[in-house]
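> Let the hints inform the model, and build the full structure from the sequences given.
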Amino acid sequence: MPASNLRALAKAKTLSADVLIFDLEDAVAPDVKESARAAAVAAAKSGAYGSRDILIRVNGLDTEWFADDISAVAASGADGVVLPKVNSASDVQSADQKLQAESAPDELILWAMMETPKGILAAADIAASSRLAGMIIGTADLAKDLHCAHPLDRGPMILSLQTCILAARANGLWVLDGVHIDLEDDRGFEAVCRQGKELGFDGKTLIHPKQIAIANEVFAPSAEDVDRARHLINQHRKAIAAGKGITVVDGRLVESLHVHEAEQLIASAMAIEELERDAADVQK
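Positions 261 to 544 (the working numbering) are the ones given, in order, by the sequence shown.
Don't take each hint at face value.
In silico DSBU-like pairs for lysine-lysine, Cα to Cα no more than 35 Å straight-line [to be verified]:
(1) Lys-378 with Lys-293
(2) Lys-271 with Lys-305
(3) Lys-358 with Lys-378
(4) Lys-273 with Lys-470
(5) Lys-404 with Lys-378
(6) Lys-293 with Lys-271
(7) Lys-345 with Lys-470
(8) Lys-404 with Lys-470
(9) Lys-271 with Lys-358
(10) Lys-470 with Lys-504
(11) Lys-378 with Lys-498
(12) Lys-293 with Lys-358
(13) Lys-293 with Lys-498
(14) Lys-271 with Lys-470
(15) Lys-498 with Lys-457
(16) Lys-378 with Lys-345
It should be emphasised that the hints constitute simulated quantities derived from the structure, not laboratory data.
Remember, predicted model here, so these are calculated numbers, not experimental data.
Rendered as structure tokens:
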């Protein structure tokens, strides 16, 4: 959301989204960059967003605003910095060095916007960068730079999407799918969300609150998923306690990796429930 929009920053306190991105880049006009920066920092410092992670997307490394953006965000209390149009690992390293020079806390993480052909080709090196915690696919800018169509099935970009997912998974990073810009196309939006989940994305970046419900429905575990996960964990624990070397649950062989996946699924469901409670409390 544009940090220049104070109404949007206030509305964000009521949203059932686990990550909020305050934008200083594309969504903010040059003549209000400074006031938007101040608003984003004030919002991050306020502590008014509950358990939501607060990320601030700064202007590009090659812009006149980057240095001041990084300096301000370093002391803002935000959870992370989103770097736009990352082309190489050196871009991430430059941002990391700037944060260190500003005495930013070690827990202030970086996210890389993967939205250029150079960035996609360098995805593996970028993903291995220090301080980097995640990647966000900028599908609109990427399609423009690739000179490709952007159909609902995103066929021309599948290779790019999978390249980033591979790089992220190889380095233990989060990876988020790009936005869907047609706000009137709920059916298409749901289809793209389901495609993103099938590809392996952890979530979806959104441009409007009306998209949250569908995204949460697709990416959040269902009640049945949670019940199955708890059943799997309980049966595995019983098998271990009984000294069994192999665990079979409902006819399927269960290994430690399946238990880990089940634990992650339950943690995700609990986090979403907490966000929904926070949003409901604010609206009261």
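> Each hint should be assessed against the structure and marked as holding or not.
A quick look at each hint next to the structure:
1. Using a Cα cut-off of 35 Å, the hinted pair Lys-378 and Lys-293 holds, with the two alpha carbons roughly 27 Å apart.
2. With a CA separation close to 16 Å, the supplied pair Lys-271 and Lys-305 stays within the 35 Å bound.
3. Between Lys-358 and Lys-378, the direct Cα distance comes to roughly 22 Å. Compliance with the 35 Å bound is thereby established for this hinted pair.
4. At roughly 15 Å between alpha-carbon atoms, Lys-273 and Lys-470 fall within 35 Å of each other, so this suggested pair holds.
5. Distance hint between Lys-404 and Lys-378 is fulfilled; the C-alpha atoms sit about 13 Å from each other, no more than 35 Å.
6. For a cut-off of 35 Å, the pair hint linking Lys-293 to Lys-271 stands: about 20 Å separates their Cα positions.
7. Pair hint Lys-345 plus Lys-470 holds up; C-alpha atoms about 27 Å apart against a cutoff of 35 Å.
8. Between Lys-404 and Lys-470 the CA atoms are separated by roughly 26 Å; this keeps the pair inside 35 Å, and the hint holds.
9. For a cut-off of 35 Å, the pair hint linking Lys-271 to Lys-358 stands: about 31 Å separates their Cα positions.
10. Restraint check for Lys-470 and Lys-504: the C-alpha separation of about 49 Å exceeds 35 Å, so the hint is violated.
11. Taken as a hint, the Lys-378 and Lys-498 pair is broken in the structure, with Cα atoms around 50 Å apart against an allowance of 35 Å.
12. This hinted pair checks out: Lys-293 and Lys-358 have alpha carbons roughly 20 Å apart, not beyond 35 Å.
13. Restraint check for Lys-293 and Lys-498: not satisfied, since their Cα atoms lie roughly 58 Å apart, outside the 35 Å limit.
14. A distance of roughly 12 Å separates the Cα atoms of Lys-271 and Lys-470; the hinted pair therefore holds under the 35 Å criterion.
15. Of the pairs offered as hints, the one joining Lys-498 and Lys-457 holds, with about 32 Å between alpha carbons and a cut-off of 35 Å not exceeded.
16. With a C-alpha separation of about 9 Å, the suggested pairing of Lys-378 with Lys-345 holds against the 35 Å cut-off.
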